[in-house]
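**Q** Below, each chain spelled out in residue letters.
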Amino acid sequence: MRKVWLIVKREYLTRVKTKAFVISTLIVPVVGIGFVLLIAFLVSHAPQQNLRLVIVDEAGGLAAPVKQNLEATLANGKREFTVTDTVDRPVSPDAVELDLRNRINANALDAYLVISPELAQPVELHTKNPGNFTLLEPLTQALNEAVIGARLNARGIHLADVEEISRGVNLRVIKVSQSGESVEKGQTIAIAITLVVLLYTSLLMYGIITMRSVLEEKTTRTMEVLISSVRPFQLLAGKILGVAGAAFTQFFIWVISLGLFASYGAVMAALLNPSSSFPSMHVPLSLVIWVVCFFLGGYFLYSTMFAAIGSACSNEQDAHQLQWLAMTPLIFTMVIYSVILNDPTSTASVVLSEIPFFAPVLMPLRISLQMPPVPQIILSLVLLLGTILGTIWASAKVYRIGVLMYGKRPTLPELLRWLRYS
Amino acid sequence: MDAISLENVTKSYDGVDAVRHVNLRVRQGTILGLLGPNGAGKTSTIRMVMNILVPDEGSIRVFDRPVSDETRQSIGYLPEDRGLYPRMQVRSVIVFLAALRGMPEAEADRRARQWLDRLELGDWAQKKVEELSKGMQQKVQFISAVLHQPPLVILDEPFSGLDPVNAATVQDIMLEMRDQGSTVVLSTHRMEQVEKMCDSICLIDKGRNVLDGDLRAIKQSYGKNTVQIEFTGSDSFLSHPAVASVNRLGLGAEAKLKVGADPQQLLRAAVESGAEITRFALLEPSLNDIFIEKTGHA
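So the sequence lines, in the order shown, correspond to chains U and F.
Start counting the first sequence at 0; every next residue gets the next number (numbering that gives the first Met the number 0).
Start counting the second sequence at 0; every next residue gets the next number (numbering that gives the first Met the number 0).
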């Protein structure tokens, strides 16, 4: 046990002490938080777009409603436009426009609209800054409402009545679970897919890190020295636990910092914009516990497989060619997970989530969508545990032979033959 | 008790015999030199003793127990392929490997300092392994093979890449270890080193054990068949029928005699030929000569 501990300690410390580890551990939350802060800053400090506008209404009767529509205050209490003046049916439009252009060039005005007598003609927006696309949408809307309102009025219909009559209905989805009901705004799917991607990428990433770490001893030829001090199984166990320690440290730091920031961000968002209804991403504790169980199981399953592959190869290139053995079942979970997303209770979903190589990703997905019967979860965990013991046994055999073999990359039949050696 | 005993050990790779029916005993508390041309099977033999390779036939015992993962824990081993964690500090590597052998870390650290100083690596203790030269890395690895005072040390080519001063230090350390009761097995090509320090030798050629036993006894069994003569005057006596071969030297010659020939005949012939003899000595054959004779090549 002491030897395993020494290997774990060395593996952990040499990993955690590297610059790459420190930088990647810090950079992910820093960049993530920095990015969010930057967006928040840009949004809250966006220049006030209080555009000074003059409406030249050659058609007549439209300037007032357009002005009214444009000057409606936004939800955040700001105004996008200030209509400084309206010109109804000018006698000499050219003179008026010349004057307005001079005012724009003198920075006394930002833009003016010209509504032509024929409404079939486009309305013209004259501005110094035609690149400001964000203004076009509210302008068009204000114009349309005014024009449509005028046409409806001509037929004796009130715009408000039309809006009332044509208002659609909204569909509200409510998730029923044992902990009660919660309004569904897509967060169940969001959590489920985040979970799948997170589990898949971390299992793959840490598996490959373990594989590299085993390979390190072979490429640096440290193995023969180590093997005269420890048993191969102790080395294998030490490596997997050491990498796990480093991986979990990093993961923990990320989760904590992102969690802190998310709660801080939610508070900030609520302060900035009290009216926004942010869907509450409530994650039940039971889900967290099950996810941790399956993640640990998946971690040990896949990292032992990757470790065996690393031990069977002499260099990175060979390992890349053999790593599909462990990657295939993981990739398959990404191909198949939509089956469970569509119907977590179907026979296919139940069977898939019980298969040990898929369970680490697919069972947490099922749990997040709809709590399966607990015996099914337990069965899945038991099968997973059994498979882990099996892969540890097989990996230890491959490892014991592989760690000291140099040269040609073994073929799959050769690997299987190694399993039969004592 | 024998530190190592091999009985009829055979190992082949893909039908090619690397080691064929080798028998060998290494007495406890002695230094054995494992000699042989390149590719003779020395490293394969060592790896089988380390239980890294498994023999196809025969049995290997270390301290009277069949080789296993356990027996190799009692062996200090310097493998042919050198390797240490390149990005670890020199002293941490040594302490780590010693701790794996069961030594308390504080004790390992204390000894690591002593050993590093002795092998003139004191200034490098805090450096990373990858910053060291090949020869220095080899010394670090030698330290980690012997630091925990194992009862048996197996060193594959311990002198390769070492300068004469360091080679002499390593040799002194091996002799000290033997005097303290450890058994040392080393493979090497350096005959002069073997002659200076080994108690016994094992000469392997093409996988076979062609000669083994006590070094002094082996040399004696070859008899004093070499004559070193220093002289002035005629050298016609060197074509005497008792002479097998002649090696001319600056002041005279070294003549190897035919089997059963009497050196006195040659001396008489030399005197009669009128040459003035200043030195006439009977020598044992050098290990180099024995090596060449036994293997047919250097």
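If you are wondering where the hints come from, they were derived from the structure by calculation, not from laboratory data.
Every residue gets a Cβ at the ideal spot worked out from N, C-alpha and C, and that includes glycine.
Possibly wrong hints are sitting among the right ones.
Said to hold, decoys possible - In the DSSO-like style, the derived pairs of lysine-lysine whose C-alpha atoms are separated by at most 27 Å in a straight line are:
{"id": "1", "chain 1": "F", "residue 1": "K127", "chain 2": "U", "residue 2": "K2"}
{"id": "2", "chain 1": "U", "residue 1": "K8", "chain 2": "F", "residue 2": "K223"}
{"id": "3", "chain 1": "F", "residue 1": "K126", "chain 2": "F", "residue 2": "K223"}
{"id": "4", "chain 1": "F", "residue 1": "K293", "chain 2": "U", "residue 2": "K8"}
{"id": "5", "chain 1": "U", "residue 1": "K127", "chain 2": "U", "residue 2": "K66"}
To be verified - So the derived label-pair ranges between C-beta atoms look like this:
{"id": "6", "chain 1": "U", "residue 1": "T193", "chain 2": "F", "residue 2": "G38", "range": "58 to 68 Å"}
{"id": "7", "chain 1": "F", "residue 1": "R24", "chain 2": "U", "residue 2": "W4", "range": "50 to 60 Å"}
{"id": "8", "chain 1": "U", "residue 1": "M204", "chain 2": "F", "residue 2": "E191", "range": "50 to 60 Å"}
{"id": "9", "chain 1": "U", "residue 1": "I26", "chain 2": "F", "residue 2": "K205", "range": "53 to 63 Å"}
{"id": "10", "chain 1": "F", "residue 1": "G212", "chain 2": "U", "residue 2": "W4", "range": "54 to 64 Å"}
{"id": "11", "chain 1": "F", "residue 1": "G38", "chain 2": "U", "residue 2": "V350", "range": "49 to 59 Å"}
{"id": "12", "chain 1": "U", "residue 1": "T17", "chain 2": "F", "residue 2": "D116", "range": "26 to 36 Å"}
{"id": "13", "chain 1": "F", "residue 1": "D171", "chain 2": "U", "residue 2": "M204", "range": "29 to 39 Å"}
{"id": "14", "chain 1": "F", "residue 1": "G180", "chain 2": "U", "residue 2": "W392", "range": "52 to 62 Å"}
**Q** Does each hint fit the structure? Answer for all of them.
**A** Hint check results:
A threshold of 27 Å between alpha carbons decides the hint, and for F/K127 with U/K2 the separation of about 23 Å falls inside it, so the pair holds. At roughly 60 Å between alpha-carbon atoms, U/K8 and F/K223 are farther apart than 27 Å, so this suggested pair is violated. At roughly 53 Å between alpha-carbon atoms, F/K126 and F/K223 are farther apart than 27 Å, so this suggested pair is violated. For the hint linking F/K293 to U/K8, the alpha-carbon distance of about 51 Å lies beyond 27 Å, and the restraint is violated.
The straight-line distance between the Cα atoms of U/K127 and U/K66 is roughly 20 Å, inside the 27 Å bound, and the hint therefore holds. Checked against the hint of 58 to 68 Å, the pair U/T193 and F/G38 passes, with Cβ atoms roughly 59 Å apart. Look at F/R24 against U/W4: about 38 Å separates their beta carbons, and that is not inside 50 to 60 Å. At roughly 55 Å, the beta-carbon separation of U/M204 and F/E191 lies within the given 50 to 60 Å, and the hint holds.
At about 59 Å, the beta-carbon gap between U/I26 and F/K205 stays in the expected band of 53 to 63 Å. In this structure, F/G212 and U/W4 break the distance hint of 54 to 64 Å, their C-beta atoms being roughly 46 Å apart. Distance hint check: the CB atoms of F/G38 and U/V350 are about 57 Å apart, consistent with the given range 49 to 59 Å. Under the hint 26 to 36 Å, the C-beta atoms of U/T17 and F/D116, about 29 Å apart, fit the expected range.
Distance hint for F/D171 and U/M204: a CB-CB separation of about 51 Å, inconsistent with the stated range 29 to 39 Å. A hinted range of 52 to 62 Å for the beta carbons of F/G180 and U/W392 is inconsistent with their spacing of about 41 Å.
Of the numbered hints stated above, those contradicted by the structure are hints 2, 3, 4, 7, 10, 13, 14, listed in ascending order.
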